[in-house]
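There are 2 protein chains.
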Amino acid sequence: MEYPSKLVEQAVEEISRLPGIGKKTALRLALHLLKQPESQTAALSESLKDLREQIKYCQTCHIIADTEDCTCQTPSRDTTVICVVEDTPDVLAIRNTGQYNGLFHVLGGRISPMDGIGPDQVKIDSLIARVKQSGSEVKEVILALSSTMEGDTTAFYITKMLKETGVKVSTIARGIPVGGELEYTDELTLGRSIATRTLFSAD
Amino acid sequence: MEYPSKLVEQAVEEISRLPGIGKKTALRLALHLLKQPESQTAALSESLKDLREQIKYCQTCHIIADTEDCTCQTPSRDTTVICVVEDTPDVLAIRNTGQYNGLFHVLGGRISPMDGIGPDQVKIDSLIARVKQSGSEVKEVILALSSTMEGDTTAFYITKMLKETGVKVSTIARGIPVGGELEYTDELTLGRSIATRTLFSAD
Chain A
1 MEYPSKLVEQ AVEEISRLPG IGKKTALRLA LHLLKQPESQ TAALSESLKD LREQIKYCQT
61 CHIIADTEDC TCQTPSRDTT VICVVEDTPD VLAIRNTGQY NGLFHVLGGR ISPMDGIGPD
121 QVKIDSLIAR VKQSGSEVKE VILALSSTME GDTTAFYITK MLKETGVKVS TIARGIPVGG
181 ELEYTDELTL GRSIATRTLF SAD
Chain B
1 MEYPSKLVEQ AVEEISRLPG IGKKTALRLA LHLLKQPESQ TAALSESLKD LREQIKYCQT
61 CHIIADTEDC TCQTPSRDTT VICVVEDTPD VLAIRNTGQY NGLFHVLGGR ISPMDGIGPD
121 QVKIDSLIAR VKQSGSEVKE VILALSSTME GDTTAFYITK MLKETGVKVS TIARGIPVGG
181 ELEYTDELTL GRSIATRTLF SAD
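Order-wise, the sequence lines are chains A and B. With the first letter of the first sequence counted as 1, position 149 gets the number 149 in the UniProt record's numbering; the numbers rise by one all the way through. With the first letter of the second sequence counted as 1, position 179 gets the number 179 in the UniProt record's numbering; the numbers rise by one all the way through.
Honestly, the hints are just simulated from the structure, not real lab data. Beta carbons: idealized from backbone N, C-alpha and C, even for Gly. Treat each hint with caution, since some may be false.
With a Cα cut of at most 27 Å, we get these calculated DSSO-like pairs of lysine-lysine [what the hints assert, rightly or not]:
hint: 1; chain 1: A; residue 1: K56; chain 2: B; residue 2: K6
hint: 2; chain 1: B; residue 1: K56; chain 2: B; residue 2: K35
hint: 3; chain 1: B; residue 1: K49; chain 2: A; residue 2: K123
hint: 4; chain 1: A; residue 1: K56; chain 2: A; residue 2: K35
Short derived list, chain A residues pointing at chain B, Cβ under 8 Å [said to hold, decoys possible]:
hint: 5; residue: S47
hint: 6; residue: Q59
hint: 7; residue: T60
hint: 8; residue: L199
Partial selection, computed: residues in chain A whose CB lies under 8 Å from chain B [said to hold, decoys possible]:
hint: 9; residue: L33
hint: 10; residue: Q54
hint: 11; residue: V81
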């Protein structure tokens with residue numbers, strides 16, 4: 001593509017590094033910014049810089065936070081249960097369900113030997129330490145990991161490492177999504193949903 | 001939506017002002033940046049700032065350019081014809097066809113009384129002045145405007161204003177797109193393509 005200016009080319013180059021944004025969209029965005037007040041671009045540029053430079057991660061649960069002590073310290077939270085997730089968006093998704101009021105622990109990834117990511121690259125050690133340090137306050141660790149080979153590997157590893165602490169380890173249910181129809185559900189999910197069926201009460 | 005941090009919220013706010021990007025996509029982009037090296041975000045932030053602050057528009061043809069004298073001054077261009085377009089992307093689109101080697105004139109919009117945009121808000125005066133100043137070097141003005149009410153209004157106005165200069169005014173052909181099938185072409189386009197039919201030679 002031919003660009004009208006070096007500055008536009010540079011901006012397109014940088015914008016199109018973002019996931020899901022190609023050169024054409026990047027050009028459209030850059031030209032759009034040029035038509036808006038200068039203050040808008042300044043605010044965007046500044047907010048990105050601040051985001052990357054000033055962001056902190058909670059030292060306990062590794063959630064993105066403004067300070068190093070995040071909401072995991074809020075007294076209203078149920079401190080007897082820790083939900084282990086792979087990344088920050090998962091925390092938001094689970095919070096948005098309104099079904100969970102416990103603590104979180106963000107691994108920052110999952111064990112994936114294929115990509116050279118071992119147990120040391122994700123925050124498993126700090127999870128184990130956290131459970132141990134809590135004395136016996138933490139009663140349960142819920143694994144909310146993705147239902148993939150890597151997610152399962154991570155789950156097995158964590159379970160093994162937590163064994164000596166005696167804490168209860170559970171995993172979120174895998175099964176048919178709410179609203180899902182049997183005939184369109186894939187065999188693996190259906191098989192698993194039968195194997196892990198739960199008692200049903202009509203009361 | 002609940003955000004893990006004020007910084008993330010601010011970034012999402014700014015990113016989602018861009019056209020076609022909602023809050024969810026903005027959040028995904030912000031969290032993506034947090035996983036990349038800090039230098040990437042710095043480069044993005046910087047390039048946007050530079051783009052908006054340093055960009056220039058050619059004083060003659062109003063194309064986005066790095067300097068105030070743009071490629072419209074290149075001697076290899078055909079200086080007897082000016083193609084009038086609404087905006088910079090149109091210039092790129094026409095350049096990419098490889099079918100045109102003349103000059104450009106970017107109006108920066110089109111006359112639209114509904115939106116309160118009159119002839120003074122677009123660069124029509126400077127087009128007229130440009131044609132007049134060229135002596136009789138400019139022989140033809142090609143109007144490459146969008147095929148809408150506003151585009152047509154702008155075309156009529158420019159044609160009227162150029163009348164006294166005696167320059168030839170043409171408009172790009174409206175008709176069936178290359179590869180288009182008759183039965184799927186809308187009636188207006190088809191009607192116009194018949195009215196403005198061109199001589200066909202089998203030589």
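Now the hints, each set against the structure:
Proximity of K56 of chain A to K6 of chain B is assessed by CA-CA distance (about 11 Å); at most 27 Å being required, the pair is judged to hold. Restraint check for K56 of chain B and K35 of chain B: the C-alpha separation of about 34 Å exceeds 27 Å, so the hint is violated. Restraint check: the Cα-Cα separation between K49 of chain B and K123 of chain A comes to about 36 Å, which exceeds 27 Å; the hinted pair is violated. This hinted pair does not check out: K56 of chain A and K35 of chain A have alpha carbons roughly 34 Å apart, beyond 27 Å.
For S47 of chain A, the interface hint holds, since its Cβ comes within 8 Å of a Cβ in chain B; the closest pair sits about 4 Å apart. Annotation: Q59 of chain A was flagged as interfacial toward chain B, and the flag is violated, the nearest CB pair being 15 Å apart, outside 8 Å. Interface restraint check: T60 of chain A against chain B, minimum CB-CB distance 14 Å, threshold 8 Å, status violated. Against a cut-off of 8 Å between C-beta atoms, the interface hint on L199 of chain A is violated, since the closest Cβ of chain B lies about 33 Å away.
Among the interface hints, the one on L33 of chain A holds; its C-beta lies about 6 Å from the nearest C-beta in chain B, closer than the 8 Å criterion. Interface restraint check for Q54 of chain A: the shortest CB-CB distance to chain B comes to about 6 Å, inside 8 Å, so the restraint holds. Interface hint status for V81 of chain A: violated, as the beta-carbon distance to the closest one in chain B is roughly 19 Å, over 8 Å.
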